[in-house]
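Residue numbers (full-length UniProt numbering), protein chains in the order written: chain B, 1 to 679; chain V, 1 to 679; chain Y, 1 to 679.
No lab work stands behind these hints, which were simulated from the structure alone.
Mixed in with the good hints, there may be bad ones.
Said to hold, decoys possible - Here are the simulated lysine-lysine pairs, DSSO-like style, with alpha carbons at most 30 Å apart:
#: 1; chain 1: Y; residue 1: LYS472; chain 2: B; residue 2: LYS324
#: 2; chain 1: Y; residue 1: LYS67; chain 2: V; residue 2: LYS180
#: 3; chain 1: B; residue 1: LYS553; chain 2: V; residue 2: LYS279
#: 4; chain 1: Y; residue 1: LYS553; chain 2: B; residue 2: LYS36
#: 5; chain 1: V; residue 1: LYS279; chain 2: B; residue 2: LYS425
#: 6; chain 1: Y; residue 1: LYS30; chain 2: V; residue 2: LYS180
#: 7; chain 1: B; residue 1: LYS95; chain 2: Y; residue 2: LYS168
#: 8; chain 1: B; residue 1: LYS180; chain 2: V; residue 2: LYS95
#: 9; chain 1: Y; residue 1: LYS95; chain 2: V; residue 2: LYS180
#: 10; chain 1: V; residue 1: LYS553; chain 2: Y; residue 2: LYS67
#: 11; chain 1: Y; residue 1: LYS67; chain 2: B; residue 2: LYS279
#: 12; chain 1: V; residue 1: LYS180; chain 2: Y; residue 2: LYS368
#: 13; chain 1: V; residue 1: LYS168; chain 2: Y; residue 2: LYS95
#: 14; chain 1: B; residue 1: LYS368; chain 2: Y; residue 2: LYS324
#: 15; chain 1: B; residue 1: LYS553; chain 2: V; residue 2: LYS244
#: 16; chain 1: V; residue 1: LYS553; chain 2: Y; residue 2: LYS368
#: 17; chain 1: V; residue 1: LYS30; chain 2: V; residue 2: LYS280
#: 18; chain 1: V; residue 1: LYS420; chain 2: Y; residue 2: LYS472
#: 19; chain 1: V; residue 1: LYS553; chain 2: Y; residue 2: LYS553
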Amino acid sequence: MAREVNFGKMLHGGDYNPEQWLHSPEILEKDIEYFKKAKINEVSLGIFSWAVLEPVEGEFHFEWMEKIIDRLYENGISTILATPTGARPRWMAQKYPEVLRVDASRHRNLYGERHNHCYTSPVYREKTRIMNTKLAEKFKDHPGVIAWHISNEYGGECHCPLCQAAFKNWLKDKYQTADKMNRAWATTFWSHRYNDFDQVDSPSPRGDSSLHGLNLDWKRFVTDQTVDFVKWEIQALRDAGSDKPTTINMMYDFQGLNYHKFADVVDFVSWDNYPQWHKKEEYLTAMDNGMQHDIMRSIQKKPFLLMENCPSATNWQSVSKLKKPGMLHAASMQAVAHGSDSILYFQLRQSQGSSEKFHGAVIDHYGKDDTRVFKEITEVGESLEKLQEVTGAKNPAQVAVVYDWENRWAMEDAQGPRNKGLFYKETVEKSYYAFRKQGLNVDMIDMEQDLDGYKVVAAPMLYMFREGFEEKVRKYVENGGTFILTYWSGIVDSTDLCFLEGTPHGLMDVMGLRSTEIDGLYDGEYNRGVPVRGNELCLTKTYTCNHLCELVKTSTAQPLMTYETDFYAGMPALTVNLFGKGKAYHVCADFEQGFYDEVYRKIAKEAGVKRVVAHIPEGVEVSVRRNQDTDYVFVQNFNRQPVEVKLPVEQYPVWLGKYDGTIDRFGTVVLKGKAGEKE
Amino acid sequence: MAREVNFGKMLHGGDYNPEQWLHSPEILEKDIEYFKKAKINEVSLGIFSWAVLEPVEGEFHFEWMEKIIDRLYENGISTILATPTGARPRWMAQKYPEVLRVDASRHRNLYGERHNHCYTSPVYREKTRIMNTKLAEKFKDHPGVIAWHISNEYGGECHCPLCQAAFKNWLKDKYQTADKMNRAWATTFWSHRYNDFDQVDSPSPRGDSSLHGLNLDWKRFVTDQTVDFVKWEIQALRDAGSDKPTTINMMYDFQGLNYHKFADVVDFVSWDNYPQWHKKEEYLTAMDNGMQHDIMRSIQKKPFLLMENCPSATNWQSVSKLKKPGMLHAASMQAVAHGSDSILYFQLRQSQGSSEKFHGAVIDHYGKDDTRVFKEITEVGESLEKLQEVTGAKNPAQVAVVYDWENRWAMEDAQGPRNKGLFYKETVEKSYYAFRKQGLNVDMIDMEQDLDGYKVVAAPMLYMFREGFEEKVRKYVENGGTFILTYWSGIVDSTDLCFLEGTPHGLMDVMGLRSTEIDGLYDGEYNRGVPVRGNELCLTKTYTCNHLCELVKTSTAQPLMTYETDFYAGMPALTVNLFGKGKAYHVCADFEQGFYDEVYRKIAKEAGVKRVVAHIPEGVEVSVRRNQDTDYVFVQNFNRQPVEVKLPVEQYPVWLGKYDGTIDRFGTVVLKGKAGEKE
Amino acid sequence: MAREVNFGKMLHGGDYNPEQWLHSPEILEKDIEYFKKAKINEVSLGIFSWAVLEPVEGEFHFEWMEKIIDRLYENGISTILATPTGARPRWMAQKYPEVLRVDASRHRNLYGERHNHCYTSPVYREKTRIMNTKLAEKFKDHPGVIAWHISNEYGGECHCPLCQAAFKNWLKDKYQTADKMNRAWATTFWSHRYNDFDQVDSPSPRGDSSLHGLNLDWKRFVTDQTVDFVKWEIQALRDAGSDKPTTINMMYDFQGLNYHKFADVVDFVSWDNYPQWHKKEEYLTAMDNGMQHDIMRSIQKKPFLLMENCPSATNWQSVSKLKKPGMLHAASMQAVAHGSDSILYFQLRQSQGSSEKFHGAVIDHYGKDDTRVFKEITEVGESLEKLQEVTGAKNPAQVAVVYDWENRWAMEDAQGPRNKGLFYKETVEKSYYAFRKQGLNVDMIDMEQDLDGYKVVAAPMLYMFREGFEEKVRKYVENGGTFILTYWSGIVDSTDLCFLEGTPHGLMDVMGLRSTEIDGLYDGEYNRGVPVRGNELCLTKTYTCNHLCELVKTSTAQPLMTYETDFYAGMPALTVNLFGKGKAYHVCADFEQGFYDEVYRKIAKEAGVKRVVAHIPEGVEVSVRRNQDTDYVFVQNFNRQPVEVKLPVEQYPVWLGKYDGTIDRFGTVVLKGKAGEKE
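Working from the sequences, and respecting the hints, build out all of it.
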């Protein structure tokens, strides 16, 4: 596991590209003046600076960078220093075309854009090693440099001959023989059998595109190859003598890489967060956004950094809406509440040209500090100073939701019951929201993480059971855990090969049922779940379901709800089964949010889950950070008007923020008290 | 014409891929047990088996196949044996890249997917010849093998240099000189003249894409080259001494090949049918589906095989909906009613992996026979046994609709009055439905087939008049036939060159009018047809029309309806003309279904068409199969509730099914009586 | 400036391709008979004739063309002769592949379609020079030939190595050093710096696609390279001794070329006009269409030719709607009213085959003159004869709207406040319509043209201030002009580099304000502008705005309207500032048309703009052409019913058309009187 990292302060700052302004020293001086006004104590430096650091092959210029870091440090501002591999200089592509990516159609890119280099290329790796080594040698002992920001927003894939060869080796390592791979991928179908690994090609719209086992292993390979490249980058820094902590900045709902595979590679997680505030009601965006924070936090189950966010409007979304007054502060406090030890912006000073010139910034083209946005940023800075002691505090969770990248890859690639839309993410969100509305911290775990210690674990749409998962669940329930599974679960193994003899595989006894068929519903079609009279959860309402309805045959499970219509009217729609000391619930259909809210509330209560705030109005978020024996309870109002809420101020007195029985629109109140789970 | 084929039983079975389970002999034994339970008497074997039959070039393995065929035969199950050319093994693509297709952008495919080989490649042809020869040598005398299934779902095109050369030769054979081709294609437009055949390239998004004569001849070449390949496959079987009947499996509304060109190539037609039951009301789907059955049947005007259909939900449609109880049986009976001598499924046992692993099957991953679907399949098997004597019976038709592939190709490629949508298929359907709602069998013929013997022939949107067609119509009407033509007909000749001096070309006297202009209507725009007072069809209702309104100038024709609005208000919208001993009707606009229902009913009555059932409620289908002097009248209720219908049980007693004045939801009743056209 | 051109008659004719009918001499004779009947006095000959003129390399055939021109001339019909470079013969592509274009993905086209040759290719230039020289030598002295039609509808771009080299030279000429280019394009962003010009590649989806400075200069290069090619074509004609006037035919709203750059290259402007009449209400289409006429006219501020339009329905629009009776005449008169000295059609005789065979024509496939369309064309011919004295008359304008190609290129490429849609064209139209509804001629100028002499100049969404523009505006207002600017103006310089220190750049004092932020609104979102009590324009109504709301901070400007809602409620939405002797208005948001109608009417009145017709009903257009001291006032009713309108018949008596206090549906009345601006 990655080591503990604590910078001793809530970081406030962001991406800074002074190399764009070296011709205007007065601007660089102005920057420092404004940073201090806005309580900025950090900059992320060097992202995309390669062409300035090494303008000609082998000719290095670090002096400007050193001067900047020195000046910042003198003014109390720390630097997170980036390796510049997010974009390569033109000369490199010109001289060594192998550094350019090849797409799935097997066309090699021209030079352009960013994040577009082959991770396998020995040339690119060597150039990276030299650059990182020199950076580390230069700055490893600089007191202003507090961490390494490795490259930028890793992503994408390359299908060049070098990558094809690496992929073949990867497969050989995994399967040893072509026959084993043939069985795993079911290649006898359509005569796709491989005689040897040399016959393998990566998926392509011009070649193999629906051999799901191949697709899945290719995605895994892309993650592994990226992990390998990240390790390579870090090793160069370590070899040069730097032991400063490292991170990569991750992205919202990014499917290209399984971020869990980086848990042991970087010292801490960071991510870039660009929610579309004000598009829908803010409390809905907050919920969505909160889940992403928790996904990031759960990778290492410790604090992360919010590495980028926008001070006002972005320039790349379809509509660039201004953040309304107070929104920036509320969003910033939410990040901290969910585990962030920073609020960092893209970008500190707006670039004068090129593709992101209209992206919001701390200092815009106008160039002065008398703007609305600068004022709002300063308020965030002030709040972060007050929150200093929260740095390093964790977010204890009694419940978890399983959200697994590989499961999603496989399920969304498989041609199955509803190619028009399975809604995996939305379904996971329903479980997450149902817990969050109770004011519970939620861990978002993958199938490799432990279940022990949680009172309730929900595993929606777990199409794939990775090796060992069903055994983990069995033990968890046997030992008294409460487990919630849904339709379309336990269907395939880790190479997307269907389990035979009944599903959910290996858990039919734990769930007390077998899934027999699954019905796809057209858009607009629906069915309903009707409570069984006298059901043990005391459910009384009827709920609508869409998209997918599973038909199950129960053995020992008890139906709690049944379908209302269609030829499966009267068949179970929600069941519970007692197994060992625990309970296993099965949700048979894609129910509306209200179903999850009621059912999960009752399940959590029954499982002994404790809540800090008893009654939480709609639009209010409650999160807890815990430092040793102190709990910080963040209560945030994401409604567009003030809201009344009764807080347990006797146990947890108000520490920060304004509270008089009511919380302001977009207001945040932090309570502080002795750690522990209370009701 | 293809020879008569009668297997002496209604076939029940489908695609079977035991090569996927050779590692589990117990599964293969279980299969036979279940087949017998479900009254399965046929399997389609060897489709996509090439990689198992010839895993390495020149190394053949037929022993497993022989064992399977033997075991099936011992258990009373026949085999339709496939040539495996639907998918080639990887080694072949690796060693001989010329077998891989080149797309219209001139990029050669990588290995992958299926149905993707060059039909011209000498290497692919030679490998096919060797394989087919060996298969035939091995199995030609096996009593269990009853027919050859040539390849699978032919389709697609290749633009490789070999195909380009073949296309040039094809054109040279057709036109002899470049000048004749230039005239036929009107290449002087935009300076596109060819100096010689060597300058020809197939159509491409990167080159010629709107030279319609070229596009049309390319489509014809693709059909001819595919026909040539099918002949090549069959010849190898014949040369090896097999004279078993052959078929290819065709597809729903497939535009890539003119299936009529295969009428003399295969011994019988078969097709794969995957309607989206329950998406709209079932009786609408039944109507649509019925037309496809009749298109297939009309190619050879004799019984066909339903080669594939799905026992429950497919996995490749946008929404995979379960077939509701009774639907499989109703759809199966409809296929037989329209001329099928089989109900075959894709697939008998569900594959464990790859792209179709979730496609419905007789035996699913669960692997047992206590499923809902298995039970429904068994019921179909039982019904088919009862229907055995219907095998070989034809479907006599008094009326025909002209539906012509080449016409559709040309019309939909031409840039004309409504590029946003001409609705050819929908317009043909309106004519078909209008006849079917009267309980009439309908032949779906192309322009090369005979008109003689029909009482009414409808030819909707016959944009292209292929050579000789107008003369055929003239004689048909002269001799007393009733002919219905519509707007946008008789515009171009068979190379898409416009007829000069007035349209519908060659029929202006037969129709008694000339078309002068055609107006495109925007979506949502409409006009109306108003009956002329005292019109001879006694039409009294007003009908809406959309999309296209033709303006005609009558000579001898009489208007029956006129337009209601726009500057052509009062001009004819429907006319009739007496010509020789017959009558010719002209429909000027794209009218709603109700128009066709009323007008065709009155025209058919006037033309002396006889009906078996006088009053047919909505949602009920009536079809007749005739074996020598016996008629089998299938009456099916596709409504979601039982329906009352008065059947002529005195002339045709109930033979199969439940009838008490009412037919059940999805129920089928078969009457049996002396052949003949009754009213 | 281009020279004055006056053919002494209103031209009536169009594209004529007799080379398609050389095999039918009787058809060519028939053509002349029909032309004369329809008052056709011109043909456009030789467009796309290359393959007939030079069927084999170096073998020329002009005899057929000479014969045609002679016969036409004998019959009083003039010829505008085309150079045939709109489409090359196949032999040229086959022998010299370099003439084929390479697309942005770097794939070279195959032969096909038209308008698809590399403008840089020395081979293509040489072949063009030879062809044009021979054409000019042959026909320069022919009295029937009155002008040169250079190629056809120029457009498109080529990314071949020859063009890449030319682009590099173009950049070198512009920037001298890579460093200057780096600064101008802000290439330090994402490490995109160039070490030398050799590293430049044109934009590509596979390479650089969001380097906006590069994109913009590429578009300029494409225009310049096309201009250079046009000059090359013309020079060949001049070198061969022809001094006949030249033109190129431009296209509706075509963004691929900055047409203003051709102002000094051709002797007169012409364009091809294909409005979709009857899709929406005709008066809306007329307004839209009128703006395009005025854009074309304003390029040289003198009469132009309508080079192509359709006699009835086109064949390439999504729905080909017939022109209703009277529409052709009304549209023709509108073209003349806006400055056209011709009505020319595509096409005189309909081609028998290929892609435009169903495009409307004077003589259609039927081939006779007793058609509705032929009759309507003849009526146009008769009206043009009556209008002969209007030939050469100009359209004096008191107001102008700035509509700038380069501004549009830059703004729509920049990733900014609303990538989903900025609505530049629609916003310009709102200004244009607001002037036109007052019966005012409007000049549509670009930033390089003069502002002097206009009473009001509106400059909507002028994102880019090209060099010198702000100074021009400053002087214009100082000297008493009325200037209207809007949101999102003065943001970047001519290389898309953001202005620092406040916007609208250089005009903050003139406008009396600074723009601080801009808010993007989602589809369906809106705000409203509320009049400030006692505002000096006496505005009293509230208007809705969408898409973009700018927040401004006023210095000396006075708010006339303020926002109604959101956090910027009460902030200015419309302002006015007194500056020098003039006034400057600022529109802060994307208001509805009604806002522009009222505000512009009041501004124009205040600025002393005179109107000929005091009260103009909706759907009526008023335009003025002036010949020396005579004004021709065209009043047209584009409503679907007659309309009452009071015309100043005492000052301007009715000269042509029917007027009795009312004008017919689609009717045109022309008044004639002494030149001068009256109220």
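Quiz item: Can you give the numbers of the hints that this structure goes against, from lowest to highest?
Solution: 1, 10, 11, 14, 15, 17, 18 and 19
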